[in-house]
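Trainee: So you can see what is in the structure, the chains are spelled out below.
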Amino acid sequence: MFHIYCPHCAEYREEEEFHAVGQAHIARPADPDACSDKEWGEYMFFRKNPRGIHHELWVHAAGCRKFFNITRDTQNYDIKEVYKIGEKPSVVAE
Amino acid sequence: MSDMNVMTPAEMAATKAAVMDQVPGPEVQGQSPLHHADLASLAKAGTVLGAAAGGIQLREHKLLGHLTLRLNPENTDQLAAAERVLGVALPLQPLTSVEKGSYSVRWMSPDEWLILVPGLEAFDVESRFRDEMGGHYSLVNSSGGSTVLELSGADVVELLKRCTPIDLHPTVFPVGKVVSTVFAKSSAIIRRTGEQRFELVIRRSFSDYIWLWLQEVSREFGLVVKA
Chain A
1 MFHIYCPHCA
11 EYREEEEFHA
21 VGQAHIARPA
31 DPDACSDKEW
41 GEYMFFRKNP
51 RGIHHELWVH
61 AAGCRKFFNI
71 TRDTQNYDIK
81 EVYKIGEKPS
91 VVAE
Chain B
95 MSDMNVMTPA
105 EMAATKAAVM
115 DQVPGPEVQG
125 QSPLHHADLA
135 SLAKAGTVLG
145 AAAGGIQLRE
155 HKLLGHLTLR
165 LNPENTDQLA
175 AAERVLGVAL
185 PLQPLTSVEK
195 GSYSVRWMSP
205 DEWLILVPGL
215 EAFDVESRFR
225 DEMGGHYSLV
235 NSSGGSTVLE
245 LSGADVVELL
255 KRCTPIDLHP
265 TVFPVGKVVS
275 TVFAKSSAII
285 RRTGEQRFEL
295 VIRRSFSDYI
305 WLWLQEVSRE
315 FGLVVKA
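Protein chains in written order, with this note's numbering: chain A, 1 to 94; chain B, 95 to 321.
Derived BS3-like pairs: lysine-lysine, alpha-carbon spacing no greater than 30 Å straight-line:
hint, chain 1, residue 1, chain 2, residue 2
1, B, 110, A, 66
2, A, 48, A, 84
3, B, 255, A, 66
4, A, 66, B, 156
For the record, the hints were derived by calculation from the structure and aren't laboratory data.
Here chain A stands alone, though its shape is the one from the complex (with noise of 0.2 Å):
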């Protein structure tokens, strides 16, 4: 089991209150009409799978149900650091 620290509820609490969600910092096009097939195919459904650092996006479902990030290394499941929506993450892959 993961302990993980929500930023919301500024403590740590069970893996089994909480969701992963996905990718992070997944940005919409700003004109969706003007994407190509590929450009929103892209958008939609491709994911990163690195090897590492990984930015992903949680939600504290069992709890204050706030989405928030996590930077995780894939490798060894290690939480690098958790910040919230909006906010930059200060642990980025070389």
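Given chain A, put chain B in place with the hints provided.
Mentor: Quick look at chain B alone, frame taken from chain A:
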């Protein structure tokens, strides 16, 4: 319309939500979601379920008014308006709660509070909110969606340890702290109201399951239902 948070009284009146009293009145009998369990008879008979020691006391606080308030905590006008209605400021610190008379307010998330009031006062409180508060906010009467159980007794912490992953040690879970968490495969809002007393706000659709669960898990301590 101008900015939602800076409105003239005329604009406020024009955007006021329609409020409906969901409770027909004291003359119509309301039923808790645990009506079928007949807790009143169990309390009257003084039956101890499970071990004779009776280390757990269960009391249902049924038919309370549950109001979910959401607003921007940086809007000082709205915070002041909420304080005027409730007589106490909204708790802004995460996982805290306040009580004032028969009203209690729980921090649920940075912009959400759960307010419990006596059942027949819910409409009055809601109406006062509509009068006092302006701008962009949400107030929902969710009284029918949940019920409140109070668990107390010498073994109550041991009991809750079997139900939830939350750390209940007094140093990290003092009196007044409130958490929303998983509880026996369902969920509950747990608040410590005393050293050995906890309040659970549970969903009505899960209340029968939680009642059965509590009987099962408290068997080794003994469960006494109180009126």
